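Listed in order, the protein sequences are those of chains A and B.
Residue numbers for the first sequence follow UniProt numbering, beginning at 1 and rising by one.
Residue numbers for the second sequence follow UniProt numbering, beginning at 1 and rising by one.
None of these hints come from the bench; they were simulated from the model.
Among these hints, one or two may not hold up.
Unchecked claim - Below, simulated BS3-like cross-link-like pairs (lysine-lysine); rule was C-alpha separation at most 30 angstroms, straight line: (1) 187(A) to 77(B); (2) 7(A) to 301(A); (3) 92(B) to 338(A); (4) 112(B) to 7(A); (5) 77(B) to 3(A).
The model shown is predicted, which means the values in this text are computed figures rather than measured ones.
These are the residues of each chain, in order.
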Amino acid sequence: MTKTLLKAAAFLAILGGLLALPRFMDSPYALHMMILLFLSVSQGESWNILGGYAGQHSVGHAAYFGVGAYTTMMLMQAKGIAPWIGVWAGVAAVIVVALVIGSICFRLRGPYFVLASIAVAEIMRLSAINLTGLTNGAEGILVTELPAFRIGGRVITDFMTKVPFYYLGLGLALLTLAVTWGVERSKLGYYFQAIREDQDAAHSLGIHISLYKNIGLVISAVLTALAGAFYGVYVGFVDPPTVLGLDLSVQIMLIAIIGGMGTLYGPVLGSLVLVPLSEALRSNMITDLLVKSGLVSADSKVGLFLKENLAHAHVLLYGILVVLVILFMPEGIMGFVKKLASRRRKEAV
Amino acid sequence: MAMLEISHVSKFFGGLAANSDVSFSVEAGSIMGLIGPNGAGKTTLFNCITGYYPPSRGEVVFDGRRMNGLQPDRVCKLGMVRTWQKVRPLAKLSVVDNVMVGALARTSSLRKAREMAMEQLKVVRMEHRAAFPAGGLPIGERKKLEVARALATGPKLLLLDEVMGGLNPAESEEIIQLILDIKARGLTQMVIEHDMKAIMRISDRIVVLTSGEKLTEGTPQEVVNNQDVIDAYLGESHA
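So that you can see chain A by itself, here it is in the shape it has in the complex:
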């Protein structure tokens, strides 16, 4: 009892801190990092519902992210529909897409399901490139100005700073956490995990396998689409490789794998590792550090090589990270922490 109280108190304290943060921190770069973190948490939690709890390892979640992002952006650009209305069209579209994908891919199990999920996402990406009339093809869609958000004629925000995006992102991350929390504490969560652990046994215990897999997929896809719409509106630009690429699908999956699949806070931990890591690589922070520390001179061959190539090395480093996690922490960071805790408890006894 005291443990749950402690947990609740810790959660509220962190939440309070996050709500107050923009008042003390006005650096746009810091806010941008926080927004990327929230986005990553949302993506990871969404994937985790289907991949972590129900054990259906989709490597095609970019499809849902892209449909959410594209629908919202297309409606905004072509028809001038505000994103907070357009996003619901995105949600409707993604439900249709998810059910079509589910009815095809859930006929397959294990690695065959993984391959099918990749194939379907690639079909979506190629469609976005080739249906130029609808999606503007490879050029992508650019929307530079957002309408002001009003309630009853009063302007709530005009989206001129990063602060409204910060709160939107925070809200989205909290929504995905809340949904996961609810799933974990319901029949759905039990049925998802039963399917993950042993599909045939689950079937014999009265679980309608394809129904529950599709429920898991729809929940996961809708949340991912919301994240996609948020990304589109925040960045102001979507094109096929960034919102529908295989890279993105893998990245979404890694958040949960590294943090700990099938756990509530796993994707949060995964994001806390991956977001700073990819930012450090992208911005050449590591090269700068090496130069500053005097280990490498900026004009030397090594220095130039690193500056040139390290930024593109994040995929390689992700790969190495996955290998390390699978070797040493197969249950992710969350599983590793739990194991340490139980070992300490045993030693105390």
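Following the hints, position chain B against chain A.
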């Protein structure tokens, strides 16, 4: 009244007849034993009855309802549930969570499901194991967990596929008592078993399968004295 009626059930895999023209019925409240040498088609018959395979021919009628073509989850909801010869614990879930998954077939409330699950764990004497991860149980307790989980779905007919396989005599005895307790509660059971002593003790009637066909059917006494059964088990030269 017959709880389960199997009439002329055949199952073909390509040219191989795993079951051919098997017919018998199981009376409500009784225990039907199903025996036969390895490869006789016992588990295939279970699969046909519980919806894992559609029978190629014939009909399965449970509680007055034709079951052909129903999926395993429907079969379970209608009151027929099986256990697995090779046990299938939901390894990462705790013992009580495993049983709760069964109980959730009857309720959507986790609180109620937990109560039902604890009740069934008491029946198999495993309350003290409730919080233990199911993947870490020894084989004897895994078998009992299978039974508790199946019972939690609230079945009228329980199909047990070799629940005593791989157990030591003391553990087998415990399972025998458990099966008799379940019978005393009014449930109908069908039991596949290799341990002849055990099957003789618990069964009201026994069906013998060989090479997919029904060899004979009768009370344990009738079956054990049947010349065909002796031939099938010990070889004709022995007779």
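A quick look at each hint next to the structure:
1. Restraint check for residue 187(A) and residue 77(B): the C-alpha separation of about 16 angstroms stays at or below 30 angstroms, so the hint holds.
2. With a C-alpha separation of about 51 angstroms, the suggested pair residue 7(A) and residue 301(A) falls outside the 30 angstroms cut-off, and the hint is violated.
3. About 14 angstroms separates the Cα atoms of residue 92(B) and residue 338(A), which keeps this hinted pair within 30 angstroms; it holds.
4. For the hint pairing residue 112(B) with residue 7(A), the CA-to-CA distance comes to about 26 angstroms; that is within 30 angstroms, so the pair holds.
5. A threshold of 30 angstroms between alpha carbons decides the hint, and for residue 77(B) with residue 3(A) the separation of about 38 angstroms lies outside it, so the pair is violated.
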